[in-house]
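**Student:** So you can see what is in the structure, the chains are spelled out below.
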Amino acid sequence: MTLFEFYSSLGESFDDVLSRLRLESRIAKYLGLFLNDPSFDELKNAFDNNDAKTAFRAAHTLKGVAANLGLSKLASSSSDLTENLRPGSFTAKSQDLLEQVELDYIAAIAGIKQLS
Amino acid sequence: MDEKRPLILIVDDVALNRTLLSDVLRDKYDILEAKNGNEALLFLREKTYEISLVLLDIVMPEKDGMEVLSIMNKNGWIKEIPVIMISVENSHSLIEGAYSLGVTDFIERPFDEMVLMNRVTNTIRLYTKQKKLSDLVLSQIYEKTRNNSMMVTMLSHIVEFRNGESGLHILHINTITEMLLRELLHRSDKYKINRDDIGIISTASSMHDIGKITIPDSILNKPGKLTPEEFNIMKGHTINCAQMLNAVPLGKKEPLMKYAYEICRWHHERFDGRGYPDGLKGDEIPIAAQIVSIADVYDALTSERCYKKAYTHEKALEMINNKECGVFNPLLIECLNAIADKLVHSLQTFNWDRQADKDFFYIADSMMKDKNHPIYNQTFQQFINERKKSNFFESMLDGILFEYTYTPSIMKFSPTAAKKLGLPKTITEDDKAQISGIRNDNWEKIKNLLQNHPVLEDGPILTRIHLSIDGKDVPCQVSYIQIWKGNIKNNPTLSSVYGHIDVLK
Numbered sequence: 042m043t044l045f046e047f048y049s050s051l052g053e054s055f056d057d058v059l060s061r062l063r064l065e066s067r068i069a070k071y072l073g074l075f076l077n078d079p080s081f082d083e084l085k086n087a088f089d090n091n092d093a094k095t096a097f098r099a100a101h102t103l104k105g106v107a108a109n110l111g112l113s114k115l116a117s118s119s120s121d122l123t124e125n126l127r128p129g130s131f132t133a134k135s136q137d138l139l140e141q142v143e144l145d146y147i148a149a150i151a152g153i154k155q156l157s
Numbered sequence: 021m022d023e024k025r026p027l028i029l030i031v032d033d034v035a036l037n038r039t040l041l042s043d044v045l046r047d048k049y050d051i052l053e054a055k056n057g058n059e060a061l062l063f064l065r066e067k068t069y070e071i072s073l074v075l076l077d078i079v080m081p082e083k084d085g086m087e088v089l090s091i092m093n094k095n096g097w098i099k100e101i102p103v104i105m106i107s108v109e110n111s112h113s114l115i116e117g118a119y120s121l122g123v124t125d126f127i128e129r130p131f132d133e134m135v136l137m138n139r140v141t142n143t144i145r146l147y148t149k150q151k152k153l154s155d156l157v158l159s160q161i162y163e164k165t166r167n168n169s170m171m172v173t174m175l176s177h178i179v180e181f182r183n184g185e186s187g188l189h190i191l192h193i194n195t196i197t198e199m200l201l202r203e204l205l206h207r208s209d210k211y212k213i214n215r216d217d218i219g220i221i222s223t224a225s226s227m228h229d230i231g232k233i234t235i236p237d238s239i240l241n242k243p244g245k246l247t248p249e250e251f252n253i254m255k256g257h258t259i260n261c262a263q264m265l266n267a268v269p270l271g272k273k274e275p276l277m278k279y280a281y282e283i284c285r286w287h288h289e290r291f292d293g294r295g296y297p298d299g300l301k302g303d304e305i306p307i308a309a310q311i312v313s314i315a316d317v318y319d320a321l322t323s324e325r326c327y328k329k330a331y332t333h334e335k336a337l338e339m340i341n342n343k344e345c346g347v348f349n350p351l352l353i354e355c356l357n358a359i360a361d362k363l364v365h366s367l368q369t370f371n372w373d374r375q376a377d378k379d380f381f382y383i384a385d386s387m388m389k390d391k392n393h394p395i396y397n398q399t400f401q402q403f404i405n406e407r408k409k410s411n412f413f414e415s416m417l418d419g420i421l422f423e424y425t426y427t428p429s430i431m432k433f434s435p436t437a438a439k440k441l442g443l444p445k446t447i448t449e450d451d452k453a454q455i456s457g458i459r460n461d462n463w464e465k466i467k468n469l470l471q472n473h474p475v476l477e478d479g480p481i482l483t484r485i486h487l488s489i490d491g492k493d494v495p496c497q498v499s500y501i502q503i504w505k506g507n508i509k510n511n512p513t514l515s516s517v518y519g520h521i522d523v524l525k
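Chains A and B, in that order, give the protein sequences. Just so we're aligned: 77 in the working numbering is position 36 of the first sequence, and the numbers increase by one with no gaps anywhere. Just so we're aligned: 502 in the working numbering is position 482 of the second sequence, and the numbers increase by one with no gaps anywhere.
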């Protein structure tokens with residue numbers, strides 16, 4: 042799969058990312074690095090440990106990284122979760138929002154793994 | 021010559037984000053990466069003068085971006101190191117908070133590489149230009165004031181030379197005048213002088229005896245007592261000098277001229293009106309002249325002259341207190357007694373080079389503190405602090421030395437100190453947990469001393485504590501100097517401490 046196909050399959054715009062980051066090789070490198078980024082695992086763990094503060098930070102980080110990589114769906118769901126957690130405690134909606142983040146994250150990761 | 025590449029500090033807890041930034045900037049800039057606020061502060065402290073720009077994330081573990089900013093404000097770094105915030109954060113109040121803490125710019129993620137590059141380049145260019153200008157101003161002032169004070173020193177030496185004296189007299193008067201003035205300002209605001217006058221008055225004090233060039237050799241250098249006629253001629257050096265200064269065609273309204281005139285004419289007046297040439301009484305005598313007269317008498321007593329031997333410091337103080345050399349302003353006698361111990365020390369450790377630099381430090385200091393147009397210059401602040409530090413360390417080279425900064429909390433020990441105390445050479449806030457046992461006791465005691473007992477004092481502080489040295493519990497004397505941020509009288513904060521530990525036998 043090419044970068045263009047990858048972004049299209051996720052419903053994202055490859056041109057947007059390319060115009061910001063300039064080089065295809067650079068984008069490929071960052072997507073590769075994203076596989077090892079611990080933010081998502083930290084987010085899950087924070088939920089398991091009932092630690093809303095850490096969860097906020099991890100969601101915030103994920104939002105930033107995703108936005109930079111042009112993964113706007115993941116960025117948007119992370120953003121919703123970030124705002125939900127900003128006051129510093131979990132709410133009734135937190136779990137649902139996490140599930141949306143997880144769906145977007147898994148889709149992105151699955152796509153990256155298929156990049157040649 | 022190769023232009024040095026500017027150094028950029030990237031602060032972000034996410035490795036991917038740091039890489040993204042450094043990849044873009046690496047072609048033109050040298051990069052430092054910090055993964056949290058504490059690491060960033062360490063770099064800022066170590067490389068304050070090398071870092072040209074900070075790219076700062078807001079949300080981070082350990083210390084977050086806002087905390088880093090507030091410490092940069094506290095230490096004055098923000099005035100010379102521009103900060104660009106980069107964050108996906110879009111909360112209005114947070115961004116506003118960052119601006120109010122002095123960030124130059126805010127870039128929102130996802131950013132455009134071209135925009136980032138241009139903002140970084142522009143910011144660095146502006147700051148570099150500003151810094152070059154303020155360096156230029158200060159170094160020119162430095163040159164000028166050094167030359168000025170050298171001219172004054174040369175002139176006054178020429179007069180002294182005729183007396184067969186070394187010129188040390190002038191420098192002693194200078195030092196004593198300065199110390200008395202400081203003490204006086206500390207004790208009273210009765211007289212209309214301020215901090216900026218201290219430098220001018222002590223420079224003017226160098227001129228106090230230039231009237232002596234009008235006195236014939238036979239009288240000036242006569243061993244033994246002068247006849248009443250001769251003494252009358254000798255007294256004339258005050259009026260003669262006043263006339264010479266009056267004839268100078270410029271500077272009539274300058275403070276230096278005003279003080280020089282007052283000092284030359286009236287430094288032999290006495291508080292009870294029994295001095296000469298005009299028999300002025302009490303505060304009719306300008307305060308600058310009163311101060312120089314007491315300095316002059318003290319130094320005359322403690323020096324050998326062609327007509328007398330030198331008295332000891334104690335004897336001289338006693339004679340002045342007993343009015344054996346005429347009556348002085350009681351407030352100034354109080355000041356003299358208060359500075360007596362420090363005075364002996366300063367006169368003994370006198371240094372010509374330091375003297376020539378002194379006027380400059382007065383000017384630089386007042387420029388940097390100017391309310392309306394502060395010239396803030398890290399390089400010079402550092403220069404001044406380094407001088408204080410090296411003066412203190414000169415006398416105690418092979419000892420247990422330490423250096424402590426408050427924010428961020430960093431302790432550095434000399435190699436000998438680290439060995440004897442059993443502590444690492446550098447201790448930061450993060451390392452605290454790793455120190456245990458007896459070693460930890462030493463660290464806690466020293467830290468407690470520095471953090472919990474600040475004394476508002478510019479000079480060295482001495483105190484005794486028990487420490488474990490080479491594994492044995494022994495009494496020690498700790499002496500240290502504190503470096504204050506801001507005016508010592510007006511809401512000062514401690515920035516660092518330089519110290520020395522003596523093992524008491």
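Hints are computed from structural coordinates only; laboratory data are not their basis. This structure is a prediction, so every number in the text was calculated from the model and none was measured. Quick reminder that beta carbons are idealized off the backbone N, C-alpha and C, glycines included. A hint or two may mislead.
[Stated by the list, open to error] Okay, derived cross-link-like pairs now, DSS-like style, lysine-lysine, Cα gap no bigger than 25 Å in a straight line:
#, chain 1, residue 1, chain 2, residue 2
1, B, Lys445, B, Lys67
2, B, Lys505, B, Lys67
3, B, Lys445, A, Lys85
4, B, Lys55, A, Lys94
5, B, Lys212, B, Lys232
6, B, Lys212, B, Lys273
7, B, Lys152, B, Lys232
8, B, Lys362, B, Lys210
9, A, Lys70, B, Lys48
10, B, Lys445, B, Lys492
11, B, Lys272, B, Lys212
12, A, Lys94, B, Lys83
13, B, Lys255, B, Lys245
14, B, Lys151, B, Lys94
15, B, Lys55, A, Lys70
16, B, Lys505, B, Lys83
17, A, Lys85, B, Lys83
18, B, Lys67, B, Lys48
[What the hints assert, rightly or not] With the C-beta cut set under 8 Å, the calculated list includes, among others, these residues of chain B facing chain A:
#, residue
19, Pro81
20, Glu82
21, Val108
[Stated by the list, open to error] Using C-beta positions, here's what the derived DEER-type ranges look like:
#, chain 1, residue 1, chain 2, residue 2, range
22, B, Arg46, A, Ser49, 46 to 54 Å
23, B, Ser499, A, Leu64, 34 to 42 Å
24, B, Asp125, A, Leu64, 19 to 27 Å
**Student:** Against each hint, give a clear statement of whether it holds in the structure.
**Tutor:** Now for the hints, and whether the structure bears them out:
Between Lys445 of chain B and Lys67 of chain B, the direct Cα distance comes to roughly 18 Å. Compliance with the 25 Å bound is thereby established for this hinted pair. Between Lys505 of chain B and Lys67 of chain B the alpha-carbon distance is near 19 Å, which keeps this suggested pair within the 25 Å criterion. Among the hinted pairs, Lys445 of chain B with Lys85 of chain A is inconsistent with the structure: their alpha-carbon atoms are about 40 Å apart, more than 25 Å. Between Lys55 of chain B and Lys94 of chain A, the direct Cα distance comes to roughly 19 Å. Compliance with the 25 Å bound is thereby established for this hinted pair.
The hinted pair formed by Lys212 of chain B and Lys232 of chain B fails the criterion: a straight-line CA distance of about 29 Å is larger than 25 Å. Distance restraint check for Lys212 of chain B and Lys273 of chain B: the Cα-Cα separation of roughly 16 Å lies within the 25 Å cut-off, and the hinted pair is therefore satisfied. For the suggested pair Lys152 of chain B and Lys232 of chain B, the alpha carbons sit about 46 Å apart, so the restraint of at most 25 Å is broken. Between the alpha carbons of Lys362 of chain B and Lys210 of chain B the distance comes to roughly 24 Å, so the proposed pair stays at or under 25 Å and holds.
Between the alpha carbons of Lys70 of chain A and Lys48 of chain B the distance comes to roughly 21 Å, so the proposed pair stays at or under 25 Å and holds. A hinted pair counts as satisfied when its Cα atoms are at most 25 Å apart, and Lys445 of chain B with Lys492 of chain B qualifies at roughly 20 Å. For the proposed pair Lys272 of chain B and Lys212 of chain B, the alpha carbon gap of about 19 Å is at most 25 Å, so the pair holds. Of the pairs offered as hints, the one joining Lys94 of chain A and Lys83 of chain B holds, with about 14 Å between alpha carbons and a cut-off of 25 Å not exceeded.
As the CA atoms of Lys255 of chain B and Lys245 of chain B are separated by approximately 14 Å, the hinted pair is consistent with the 25 Å bound. A threshold of 25 Å between alpha carbons decides the hint, and for Lys151 of chain B with Lys94 of chain B the separation of about 20 Å falls inside it, so the pair holds. Annotation: proposed proximity of Lys55 of chain B to Lys70 of chain A holds, straight-line Cα distance about 20 Å (limit 25 Å). Between Lys505 of chain B and Lys83 of chain B the CA atoms are separated by roughly 23 Å; this keeps the pair inside 25 Å, and the hint holds.
About 23 Å separates the Cα atoms of Lys85 of chain A and Lys83 of chain B, which keeps this hinted pair within 25 Å; it holds. As the CA atoms of Lys67 of chain B and Lys48 of chain B are separated by approximately 19 Å, the hinted pair is consistent with the 25 Å bound. The beta carbon of Pro81 of chain B is positioned within 8 Å of a beta carbon in chain A (closest approach about 7 Å), and the interface hint is therefore held. Given hint, Glu82 of chain B at the interface with chain A, is violated; its Cβ is 11 Å from that chain's nearest Cβ, farther than 8 Å.
Because the beta carbon of Val108 of chain B sits about 4 Å from the nearest beta carbon in chain A, less than 8 Å, this interface hint is met. At roughly 31 Å, the beta carbons of Arg46 of chain B and Ser49 of chain A sit outside the given window of 46 to 54 Å. For Ser499 of chain B paired with Leu64 of chain A, a C-beta distance near 59 Å fails the hint of 34 to 42 Å. Taking 19 to 27 Å as the suggested C-beta distance range, the pair Asp125 of chain B and Leu64 of chain A conforms, at roughly 24 Å.
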